[in-house]
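Numbering (mature numbering (1 follows the signal peptide of the UniProt record, and there is no 0)), first residue to last: -18 to -1, 1 to 654.
No lab work stands behind these hints, which were simulated from the structure alone. Predicted model only: the values in this text are computed from it and were never measured. Any given hint could be a false lead.
In silico SDA-like pairs for lysine to any residue, Cα to Cα no more than 25 Å straight-line [to be verified]: (1) LYS355 with TYR520; (2) LYS416 with LEU431; (3) LYS91 with GLU169; (4) LYS235 with PHE363; (5) LYS563 with ASP149; (6) LYS228 with LEU66; (7) LYS91 with ALA229; (8) LYS235 with ASN105; (9) LYS609 with VAL534.
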Amino acid sequence: MFNRCWFIAVCLAAFVQCQDIFIVANGTATTSTCATRTSSPSNDNSYSQWEYKHTTTVRYVTPLAYQTPRSTYAAAYSEVSTLLPANISTTTWGSWLPGQTAVSANDTKNPYGDAAWQQLWVNANLTNYTTIGLYSTTLAPHPVPTNELIAPPPNYFGPEDCYELPDDFIYGASAAAGQIEGAIGLEGRSPSILERFITNGTGDNSNYVANENYFLYKQDIARMAAAGMKWYSFSISWSRILPFAKANTPVNKQAIDHYNDVIDTILEFGMQPIVTIQHFDSPYVFVDEQYPDASYQSRASNPGTIIPPMAIQNKTGIWRFNGGFSHPEWLESYVYYSKIVLTQYADRVPVWITINSPFNWGNTPTGLTNSIKGHAEAYRFYKDELKGTGRMGIKIGIAFPVPKDPLDQTHVDAAQRYRDLYMGVLADPIMLGKQYPTAYTDTIQNVTLLTDAELARINGTADFFGINEYSAQITSPPAGGVAACVADPSNPLWPFCTVQETVSSTTGWALGYYAGNSAMSAPQLAIRTCLNYLWSRYKLPIVISEFGFPEVGEAAKGLAAQRFDQSRSEYYMTYLSEMLKAMYEDGVQVIGALAWAYCDNWEFGTWTTPFGMQTLNRTTQQRTYKKSFFDYVNFFESRMPSSASGLESGSGPLGPPVGGNNTGGGPAGDGP
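From just these sequences and the hints, can you work out the full model?
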């Protein structure tokens, strides 16, 4: 029989050594909730008259209170603008409309004028840019109908813990500018790498419109608040704030005003903002200047793929896509951009994220080093010069690897190698002040080691560890061993030189329920094991900054079936339950969890694997709550010590808001 106490003791001892040890139980264990069993059912029918005794009343969601009391986390822009360069200028530009193929402005002598701005779009040479969406101005929010706030039927099975979360625990939903905003060529925004490189397989890049959140953000915020969400994590578009991207170039006033209003709207609707400064959408100019079109594969011959630069083809990079991070002006430009964003908005934002998962787009040793230094400089500016009192960190993504055979040291080493290359290369310098892992420096050529002075400035520049953790994988060494793979850059497993599986080739079992994009629902490995490892190694508070689930075939279902996303609900419930076990049984300090995403959105070239907790009708832009939204909010609200559950039953004082199909007072009814 499986001895659970012994198992926990072994695991905790192993985590202290930063190794993965898993003991496999023999046979079938009894359910933990059955201390005793009753062998004979009752046949006593005590009903004097049959009635609907086992049914429940309709449950309604309680919206958040309108207008959060505002806290101040830094001085206002008017007081700290002197920290920016004295020659900074603010201006506006026009819009790049579909069908406009030639520069029409006549201010050709101005390096930052309309003509130069239009030329950026000419250089980007977008494919099938034929529409700008339904909207051209910001829409005021309208009340969320009461009938949309009727919660779905409760789950038959659910978490059975008795844990109470801290009342300051961060929970909410996430999104990123490049995946929801749309309006890509409007009001001064210049091209980013996302709409330039990624298509949906037909040559039509649907990110041009996305969710039109740029114009519909007030309604999106109103809907989140009406359903009880407390925090909204979003990102700011670099190429919207700085159309010419680089240090000391003019600032776009329309973009500054836009994000000012986004933050104010979040606060007015009773929520709190979390802002990511850069999320996968570097300005296109950084790649365009390094790798002109001639060095890219033809998009026409490779539909549906990201067009890789020569740096990746020649194996001098590490992973995935070139985001321009290795451009000689990227670091200085990012620091300039981050200072503009922080001076403008730091007074109202309690939590900041510098860069989202830079490993995916840093690509080269120079790019990774630039992202680390850029993060550190943003942190130093926020803490030392702005005197910011909020929290700042970085988001690092990984599908957490565990050894395929935990009793085989080569498998344990392979899992650690993968973590070092994917996560440690960023986290070790930032959070430990340590040099790059040897797995990285021994594998990748031309890595310039960080100096002692650089490590001293980088060390400790995070108040929390943000982890994007969607699923897990099992890891083993490649045939022929790691060393032979490292010595052969033509090996398809290079540079990681480990085998990653989500379906065990030994047992034939998947790690968990299959989702799109090869994601798996594997809560024990993906969350609890991951959290224990992070806490053991880095000793920093942890925010699960992204986690989510794309149901298989969801986009092809009818609306009612899309809304009843039971497997996504179960994903969140199981992952959050394992998070609680890590906190209360293992002693891990977790301070927040942010679901990806608040609504279906553009997932880097596809709409067929949605992650959202609301549906999106791409023709009408209408959003509709899914079951997972209510279940997710209720998980937290039912465990908060100072607040009632977000779901109320029956009628009367705890019943639905008055007013028929409109909510009563508060954010959903009145709006700012």
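Verification of the hints:
Using a Cα cut-off of 25 Å, the hinted pair LYS355 and TYR520 holds, with the two alpha carbons roughly 19 Å apart. In summary, the hint linking LYS416 to LEU431 is supported, as the alpha carbons are separated by about 11 Å, within the 25 Å threshold. Between LYS91 and GLU169, the direct Cα distance comes to roughly 21 Å. Compliance with the 25 Å bound is thereby established for this hinted pair. The hinted pair formed by LYS235 and PHE363 meets the criterion: a straight-line CA distance of about 22 Å does not exceed 25 Å.
Between LYS563 and ASP149 the CA atoms are separated by roughly 18 Å; this keeps the pair inside 25 Å, and the hint holds. Among the hinted pairs, LYS228 with LEU66 is consistent with the structure: their alpha-carbon atoms are about 14 Å apart, no more than 25 Å. Using a Cα cut-off of 25 Å, the hinted pair LYS91 and ALA229 holds, with the two alpha carbons roughly 20 Å apart. About 24 Å separates the Cα atoms of LYS235 and ASN105, which keeps this hinted pair within 25 Å; it holds.
Note on LYS609 and VAL534: the hinted pairing holds, with a Cα-Cα distance of about 16 Å set against a maximum of 25 Å.
Going through the hint list in order, the structure satisfies each hint without exception.
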